[in-house]
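Visitor: I would like the entire structure built from these sequences, with the hints used as guidance.
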Amino acid sequence: MTVELGLSADQEAIAELFDGFFAKESPVSVARAAEPLGFDRDLWGKVVELGAPGMGSAESAGGGGASLSDLVLVAEAVGRSIAPVPLVDHLAALGVLDDPDLVAGDALAGVAVRPADADGVWRLVPVGAVTDVVVGVDGDDLVAVRSAPPMAAPLNHGSAPLADRSARQGDRRVLGPAAAFQPVLDRWKVLTAASLVGISEAALRMGVEYVMAREQFGVPIGSFQSVQHGLADLPVLIDGGRMLTHKAAWALDRAEPAADDWRLNDIEDGSTLASMAFLFTSEGAAEATHRSLHYHGGYGFSEEYDIQLLYRRARGWSLVLGDPADEHLQLADRLFGPVEA
Amino acid sequence: MDFSLTAENLAYRDRVRAIVAETVTPDVVDRMHTTGTFNSPELNLALARAGLVERAVPGLGKGDPIELYILFNELEKAGAPFDGLAIALMIAGVVQAVGTDEQKQRILPTITSGEALVCMGYSEPDNGSDLANIKTRAVRDGDEWVINGAKMWTTMAHEASWVILLTRTDPELPPRRGLTMFILPMDTPGITVDPVHTMATERTNATYYDDVRVGDEAVLGAVNGGWATMMVALSFERGVMGGTNPGVALLRHFADWAAESGLVESPTCRERLARMAIDNHVATLLTQRSAWIAASGGQAGLEGSITKVFAVEAYQKAARWCQEMAGPAGLLQFHQPGAAAGGFVDYDARHSPVTTIYGGTTEINRNNIAERHLGLPKAR
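From first to last, the protein sequence lines stand for chains A and B. Heads up, the first sequence is in the numbering used here, so the first residue is 1 and it goes up one at a time. Heads up, the second sequence is in the numbering used here, so the first residue is 1 and it goes up one at a time.
Quick caveat, the hints were computed from the structure, so don't treat them as lab data. Predicted, not measured: the structure shown is a model, and the values here were computed from it. It is possible that some hints are incorrect.
To be verified - Far from chain A, some chain B residues (derived; all Cβ distances over 12 Å):
#, residue
1, 22
2, 50
3, 158
4, 174
5, 293
Unchecked claim - Just the calculated beta-carbon pair ranges, DEER-fashion:
#, chain 1, residue 1, chain 2, residue 2, range
6, B, 62, A, 338, 51 to 59 Å
7, A, 218, B, 62, 37 to 45 Å
8, A, 13, B, 299, 47 to 55 Å
9, B, 62, A, 65, 53 to 61 Å
The beta-carbon is built from N, C-alpha and C at its ideal position, and this holds for glycine as well.
Guide: See below:
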């Protein structure tokens, strides 16, 4: 083993395949047309033909056996095209589910990222409006519940298929203790982080194209240094977020656990890295989409231009987990030890 | 991707850690902050005796950028005085890359023995980021060159054996094409050193060159090829030789003090500590990327810009947070009773402003990213 920070040939192929697929099948107009629900059944059908839903499942269960490090490339491609399919959540949920129809993609799964409330309801499950199965915590248990999705969502910021789902009604299976949810949540954070890196990069690309096309004072506004420097900060956030996300996936793929030593900046634990990646890319995507929108001027604020679609999803896809301050506090507990009550 | 270090890397890291633990004592750290000279002869000699200085010179020793990253990452995390060593190694790398055999034989052993330091004469009183227009002249006179001019920010000049000097040899040529780099002994007649003290106690210098006479043996790289030599030096400076992880020592100092003082129970404090830890790790990963690019035969110029922009802005933000959170105790300096983190909170708040300035300002780095990464037109 040695430091190798490039993609393998296989991974290059995965990235190329999915970037090509989503660029062709899901230009931003597809996401726009899928509003407000944020789900395109035809596009999901094409994702199924590609074999993507079961890509990360074990080969013995009919899946592709891909590592989380590979799935990160898929999630980034989803983010770049803001594709209206719940692939990130499905891939995360399949960390603990191997029902044949889920592996095949004939049925969809999602993750209830926050525990069920006292009434046994998972509130605003990220893709709960469209998935057949939801996996999450109810009391002391990790459970999977299969029930009919409402196929409707409350109007929301990121045009995401959010919905409340019952953790008790439907075909309910206990998969293990609540602690068994951590790996699922880690997968969800890492894959969501990758999708946020994708959104950030798409926003940067859109911004650069716009400032080179838009002329004021007789020159492209992209020739102004203030505009350039505002955009030049974004690759910094994108590259940093991507490195952190890849390291988190690598750490979670590793069989043997490894401990953190924050005093030496040795961060090796997969859950710690997943939390870091999620927080860093959430903030990065919020910043990247905002800056790009700003450099579009008033047009960026108009519904007609695509940057607003990215701006809203950057927030919608990350804030479903809750206030990032809480996640930061959990990370602090993990690193520095919990505060004695 | 694989983020793991090899067994050999880990063994190397342990050797470095052991030497740092042995030589970078609290007294040594205190001396660096009292004198403002960020150099430790004890550390340099101990590393040299273990063969680790020669081994670290780019292109000369083992030539492994991953090891170079490990070395400076360990030194920086420990808060060790490594500026002297970093500059010496950087310039040894330049000599190794573009020097003549005679220069390599004459100069490199003095550095790899851990004894000789080097200072860098690039900036001038009137030229910082605009280096291509420096005015120090080197004029041919028979077999000799006569150098006249002034250099600013020549850190370590008061301790250094060598100076690497960017001069103008042909004012008729376009700015970048009329430059020549020299490397000469600091005891050459005609050189004077004036201290420049800074608000972070760090001492740097102004150096003056009055009819300094050297032969062709002092020309480093080609005559009128000084810009190319300069780029080699900058590629090391913006790479992996320290300066991209200053937040690690700050977090350690501050978190320990926050635990002692009880501040750590504050949610605001804990959130910020978590943020600092994230930023520190991102900075390390970006630095590792530069090392990996260099190890793969590439040049991490653009990636170095990205890394530096991120790392030093995160550090400045952290230094400000820590000082705010510490309240009045964060105003107290080293050796003052009650100083937050023993005075490091005040120190980092004084030191951090220079980090977006030296080694390529953040504005120059953003220009670099805008032009080379985003393909935006050159803007000045």
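Visitor: Each hint needs a verdict: does it hold in this structure or not?
Guide: How the hints compare with the structure:
Once the 12 Å rule is applied to beta carbons, residue 22 of chain B is consistent with being away from chain A; the minimum gap is 17 Å. Under the 12 Å C-beta cut-off, the non-interface status given to residue 50 of chain B relative to chain A holds; the minimum distance is some 21 Å. Consistency note on residue 158 of chain B: stated as away from chain A, and its beta-carbon is indeed over 12 Å from all of that chain's, at 32 Å minimum. Once the 12 Å rule is applied to beta carbons, residue 174 of chain B is consistent with being away from chain A; the minimum gap is 23 Å.
Not every CB of chain A lies more than 12 Å from the CB of residue 293 of chain B, the least distance being 8 Å, so the non-interface label is violated. The supplied range of 51 to 59 Å is broken by residue 62 of chain B and residue 338 of chain A, whose beta-carbon atoms lie about 43 Å from each other. For residue 218 of chain A and residue 62 of chain B, the Cβ-Cβ distance of about 55 Å falls outside the hinted range of 37 to 45 Å, so the restraint is violated. Against the hinted window of 47 to 55 Å, the Cβ-Cβ separation of residue 13 of chain A and residue 299 of chain B comes to about 27 Å, which falls outside the hint.
Taken as a hint, the range 53 to 61 Å is violated for the pair residue 62 of chain B and residue 65 of chain A, whose Cβ atoms sit roughly 38 Å apart.
Checked against the numbered hints listed earlier, the structure breaks hints 5, 6, 7, 8 and 9; every other hint is satisfied.
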